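Just need the whole structure built from these sequences, with the hints factored in.
Residue numbers (the numbering used here): 563 to 832.
This list has only true hints and no planted wrong ones.
Using C-beta positions, here's what the derived DEER-type ranges look like: (1) Asp616 to Leu794: 26 to 36 Å; (2) Ser628 to Glu819: 43 to 53 Å; (3) Gly710 to Val818: 53 to 63 Å; (4) Ala766 to Phe821: 18 to 28 Å; (5) Thr599 to Ile782: 25 to 35 Å; (6) Asp732 to Thr790: 15 to 25 Å; (7) Gly712 to Asp592: 24 to 34 Å; (8) Ala766 to Asn647: 39 to 49 Å; (9) Val818 to Gln570: 43 to 53 Å.
The calculated DSS-like cross-link candidates involving lysine-lysine, where the alpha carbons are at most 30 Å apart (straight line), are: (10) Lys826 to Lys763; (11) Lys826 to Lys783; (12) Lys783 to Lys763; (13) Lys824 to Lys783.
Rather than coming from a laboratory, the hints here were simulated on the basis of the structure. No experiment lies behind these values; they were computed from the predicted model shown. Just so it is clear, CB atoms sit at the ideal spot from N, CA and C, and this is done for glycine as well.
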Amino acid sequence: MTSDGAAQDPVVVTRDDQAAVAIVRMNRPDRRNALTTELKVALRDALEDVGQDDDVRAVVLAAAGSAFCVGQDLGEHAETLRSGNPDAMRTVPEHYNRITSALATMPKPAIAAIGGTCVGAGLGFALACDLRLAAAGVRFATAFAGIGFGGDSGLSATLAHAVGASRATDLLMLGDTFTAEQARDWGVVREVVAAEDLDDKALALARRLATGPTRAYAEIKAAIALGTVSALPTVLEHEGAAQSRLAATEDHRNAVESFLAKEKPTFHGR
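See below:
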């Protein structure tokens, strides 16, 4: 693998040499990847960069250390509140919203490799990814109500879509922790794996997706996002337009010919 950043950087981007995969790793392990402005800016910029990079066909969001992300660094947040700065919450549109949008809308699969505690905005970022793997023993929580907040990073939508509105309300209001196994049973994560296997499992999944029909994956992401908030006629119209776009792709044409020839298709993402 090749790295685009030094070990002390708040975010380290690694390119997998075997496949078109980028691993974006939050790198503040001594503070459990609590989100300072520096880390949020670096994460936003890294995700937007790999999202726009045509040479990257799948992305893994991971973290260094014993926690995935414990949300906002409250020490930095308290200083901002004490300053009386009227723009104290500009971080939501400038950082949290853009990080969440970068993951949810990038035209390629995003996988969260959750190796440790995942709360607050960290949970929001994980749920903005398309697929999630968690290490055994990981604990999750929303955490917002405990500090008098309602929620951000898309949790109001993504958590409700993942577990249902009733359970999401329970988790957001009461803030109770839940386990990796509960997250799997509720559909929040795809699989629970041994901690020592997490990186390899996430990379293997990303490599599998990177060899798939990237353009189709992008259309699937967009259609699911639309389908969770739209009436059936709107979804049907969108699906029809998407299928027309995909019918013109090299991947689709080659896959149809491969099927007829009883051969395994090869996808190039175009």
